[in-house]
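Participant: Residues per chain are reported as follows:
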Amino acid sequence: MKIGTPKEVLDGENRVAMTPDSALQLQKLGYECGIEAGAGHAAGFSDKDYKDAGVSVHKTAAALWKASEIVAKVRVPTDAEVKRLRDGQTLISFFNPAENETGLKAAAKKGATVVAMEMVPRISRAQKMDALSSMANIAGYRAVIEAGSNFGRFFTGQVTAAGKVPPAKVLVVGAGVAGLAAIGTSTSLGAITYAFDVRPEVAEQIESMGAEFVFLDFEEKQTDGALTGGYASPSSPEFQAKQLEKFREMAPDIDIVITTALIPGRPAPKLWTKDMVEMMKPGSVVIDLAAERGGNCDLTVMDEKIVSDNGVTIVGYTDFPSRMAAQSSTLYATNIRHMMTDLTPEKDGTPVHDMEDDVIRGSTVTHAGEVTYPPPPPKVNAIAQQAKKPEPPKELTPEEKREAEIAAFKKQTINQVTLLGIGGFLLLAVGLVAPASFMQHFIVFVLSVFVGFQVIWNVSHSLHTPLMAVTNAISSIIILGAVIQIGSSSVIITILAALAVFMAAINIFGGFLVTRRMLAMFQKS
Amino acid sequence: MEFGFTTAAYVVAAILFIFSLGGLSGQESAKRAVWYGIVGMAIAVLATLIGPGQVFWPLTIMLIILGAIIGYQLATRVQMTQMPELVAIMHSLVGLAAVFVGFNADIMINQMDALFASNDLVLGAEGAYAALPSEMKDPLSSFGTLIAKKLAVEVTILQVELVLGIWIGAVTFTGSVIAYGKLAGKVDTSAKQLPGGHVLNAGAAGLSLLFTIMYLAGSGSWTLVLLTLLALFIGYHLIMGIGGADMPVVVSMLNSYSGWAAAAIGFSLGNDLLIVVGALVGSSGAILSYIMCKAMNRSFVSVILGGWGGAAAGEQQAVEGEQVAIDADGVAAALNDASSVIIVPGYGMAVAQAQQAVSELTNKMRAKGKEVRFAIHPVAGRLPGHMNVLLAEAKVPYDIVLEMDEINEDFPETDVVIVIGSNDIVNPAAQDDPNSPIAGMPVLEVWKAKQVFVSKRGQGTGYSGIENPLFFKENTRMFYGDAKDSVSKLLPLVE
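As they're listed, the protein sequences go chains A and B.
The opening residue of the first sequence carries number 8 in this note's numbering; numbering runs sequentially from there.
The opening residue of the second sequence carries number 584 in this note's numbering; numbering runs sequentially from there.
Since the hints were derived computationally from the structure, they do not count as laboratory data.
Mixed in with the good hints there might be a few duds.
As the list claims (entries may be wrong) - One-sided and incomplete, this derived list gives chain A residues near chain B with beta-carbon spacing under 10 Å:
1. T522
2. R524
3. M528
Claimed, not checked - Within a straight-line C-alpha distance of at most 20 Å, the following computed SDA-like cross-link-like pairs (lysine to any residue) qualify:
4. B:K1031 <-> B:D998
5. A:K408 <-> A:T420
6. B:K1031 <-> A:Q447
7. B:K1072 <-> B:D912
8. B:K732 <-> A:Q447
9. B:K1033 <-> A:S215
10. B:K732 <-> A:S497
Yeah, the Cβ is synthetic: ideal placement off N, Cα and C, and Gly gets one too.
Could you put together the complete structure from these sequences and hints?
Facilitator: The structure is reproduced here in C-alpha cells:
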C-alpha cells in the first residue's frame, strides 16, 4: 500500500508529515511512500532528498491523493481535501474532531477512515505517537526564543566592565508540556523563572525543571489531574480571583510572560488582564501560546504581534511549531511513523485497524462509514491516581478528649473485669474439685504466669534473643526435680535423674554464658 | 526445719528470676539482670542439695561440674550467627530432662504401690502411711515419702501432672531437635508434612488422650511409654510442617513449652520453685511468640499449623520489569554522594558473616559525616533480635540500630538504602498485592528511598520462595555476590 503526503495547503504552514528518514522507516513496514512535489520544501527537505529515500514524487495534489491508500498530513484538512477522500482511504492528520462535525460527517459519508492525531490517548504506551506533546514541546521552546528576540535585554544577569545587568524574570503560566519546555529553555538561558499551574501536583515537575512554583495561599479541593488524563480542569471563581490577585502582584516585576493555559474543549481562560499588561515595564514581552483559542491575555490578537500603549510586546502567533518546520516535521513524521507501526503489526504493508486497541480506537474518529467520535474512555488510566492524602488528625476539644479518655477507661475496665471474672470463676471451679494441697501449688502457678505476662511486655525488641537465652537457662530449673530424685534407692531412677541433672547443668551454664556474651557486645557509641 | 529453709531460699530465687526477666527491658540493666538469674539459679540448686536432695552429693556435684564444662565449651565456641541453633538444641535438653523426671515419678509411684502392697496396704488410702512400719519408712527418699503420704485423689492428680510434663517435654525434645536441624541447615527448611497432615497430628493427640485415660485408670506404665512415643512423633511432625521463615516463632514457642513442662513437673514433685519458674518461662515464651506473630501479621495458629504454603486466595500479581545489576564502583559512587544511608540487614548477612565488614563500612561513612542507620525488622533473621545481636557483636553502636516503627517514615528522605541479604521483610507485595502469601505483613518501605541497592547471592527467591517486586523497581539495583565479599569490595572505594 502507498502512504502519500501532500503539500500543506494552509498559508504559512511549513511543516510536512513525512521526512526522508521517516519514509525509510515506513518502507521497512512494507509501505510504498509518495509525496507531492515541493511538500517538504518549506521544512528544508528537497524533492531529491525524498527520491533518494525511495519516495515517489507526484506532480499534483490530485495525483498524490489518487495514488495513495493512506494520506498523512499535518493540518486539519480543508473542505477541498475532505472531498478528495474516497471509500477505504485512510487519512492520518490533526482533525480537531470536537469542532469539526461537518468534516467528520463528510469523511464518514465517503467511507474513509480518519485517524486524528490529537486524539491519541495520553497513556505511556502511546507517548511515542503523541503529536500534541511533541508540537507543544517545540512551541514552548520557540516561545522563549520568540520572547528573547523581542526583548531588549539579556536573559542572564551579568556583571560586566560596562555595568551590571539584572537577570530577566520570566513567568510561565500553565505547566503542561509547552510550559515545562518553556521553563527549561528559559532557565537554561539564565533567566529567573517562575511558573504557575492550577494543578498543585505539578509543582514537583516545575521545580525539577529549575523554576520556582508560584504558590497560592488557597485551600481548594482540586480535581485530581489523573482523572482528566493529566489536563487541567476549570477552577472555581474564588480560586481564579486569588490567582489573578497573585499575578497582579507579580506583574510589575516580570519581564517576560509566557502563557500556555488551555482547558480541553473550552476557550482559553483570561489570566493576564489588560491592567496587568499596563503594570508591566516598557519593553516587556507577553507570549500567548493560547492565542488560537482566544488567548490567555486580554490584548492578544491571533496570529499577530502587537505593541501595547505602554510599550509591551504581545505575541499571539499560533504557528510556533511551523516556525521551526525542520524540527517539528521530523518529530511529527516520527509520530506518524509510530502510529503506522502500531497499525501494521505484521509489518506487511497492510494496516489492521484493531478497534479493540485503546490507542487506535481512541484516535480513530471515522471508520467504515461511521463517525466513531467521541471514543469510549480508555481502559488504562493515563496517570496513576494520587494516593489520598490522609486527613490530618482532628484537633479534639478538651471535652471530647475527656470523653474519649473516659470511654477508653470504661472499655479497659470492662475488659479487665470480664477477664478477672472468667479467671476467678475458673479458679473457683478448679478449687471445688481439687484437694487443698493441689490448690496451694495452683495459686502459685497462676500468680507466676501473671507475673511473667506483666514482666515480658517491657522487654525491648533488640533484647529478645538474650531474653530467649536467659529463659532457656532458667527453664533448666528442672534440675531441681532431678536432684530431688537422684537420691532414690531405685537404680533406674538414679540413672535417669543423673542424666537429667547432667543435661540441665549443660543448659544452665551454656545458657547464662551465651547470654552474657551477647549482652557484653551491646555498647553505646 | 530443713524444708523451711529451702522454701525461704526458693522465694529468694523466684524473686531473683523475676528481676532477671524484667531487667531485660534495657541494654544496660540487662547485664545486671543476667547476674540475678545466675545467683537465683545457684541459690535454688544449693538449697535443693542441702534440703530435700541430701543424698548422693558426690554424684550430683560431679554431674553438675561435667555439665558446666560442656556448657562452657558450647557457649564460648559458638559463633554468634549460630546462636539460634544453640538455643534450639538447648531447649531439647530441657525437654528430655523433663521426660526423665516424669518417668522417675511414675517409677516411684509404682515402687510405693508395691511397697504398700507388700504390707497389705493400699497407696493413697486414709492412714496407710501411718500404718506403714517405720523400718520401711526410713530408707525412703524424700520424694518417696512425699508420694507415700498422698491421698488417692492426690495420686491421680500427680499422675495427670506427670503425664502433662512428659508429653510436653517429649514434644519439646523432638521439636527442638528438628528446629535445630532446620536452623543449622541439616534438615530441609521447607514446610514438609507426611500425607495426612494435621489429621495425623490430631490423631496422635487423640491417641495420647486415650492413653492418658488408660494410664490413670491403672493400665500400667506401658501406656506412658506409648504416650511418650506419640508425643515425640507430634513434636517431630509439627515442626517439620513449619517453614524455615517461621523458625523464630517456633524457637520461642518451644521455649515456652519447656517452661510449661517444668511447671507440670513442679506440680507432680510439689516443688513451688519449679512451678514458679516454669510458669515464668512458659508465659514469657508465649508472649514473645505472640509479639513476633503480630510483627508478621500472622495468627499464631496459622504459624503452628503450617508454613507459608497455605492455599493462596488468588493469583499472585506477576512482576514486570527486570533486575538491573550494578558493580561495586557504582554502589560506592552512590554512597559517596549520599548524605543519609540506611542499612537493612537480613539473614543473608548472618550467613555470609558480613557483620564485621558492614560495621567497618558504617564507621567509614560515619567518619565522613554521613548519617548511617540500621533498620531492623522484627522478624529479620532466624531468631527475634538476631540482627541486633550480630550488629552488637560487630560493635555497631546500638543507638543507630532502629526498629521498623522508628525508621519506616524516614525512608522517603533517605538517599541510599542498602539491603543486605533480606527479602520478605522489604517486599512491597505485602502492601500492594492482596493475594501475596505475605499480604498485610508490615514491611520496611525501602523502595521509597531515592536509591536502593540489594546485596544478594543470586536471582533466587530466597527463603519463603516469594517473588520480590522490589528487585524490579526502577530505583533498585542488584549488587550480586556473597554479602561479605560485596561489602568488603566497597570498603576501599568509599572515601
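Participant: Each hint: holds or not?
Facilitator: Here is what the structure says about each hint:
no. : hint               : result
1   : T522               : 5 Å, holds
2   : R524               : 7 Å, holds
3   : M528               : 4 Å, holds
4   : B:K1031 <-> B:D998 : 10 Å, holds
5   : A:K408 <-> A:T420  : 18 Å, holds
6   : B:K1031 <-> A:Q447 : 58 Å, violated
7   : B:K1072 <-> B:D912 : 9 Å, holds
8   : B:K732 <-> A:Q447  : 16 Å, holds
9   : B:K1033 <-> A:S215 : 15 Å, holds
10  : B:K732 <-> A:S497  : 19 Å, holds
In summary, the one numbered hint that this structure violates is 6.
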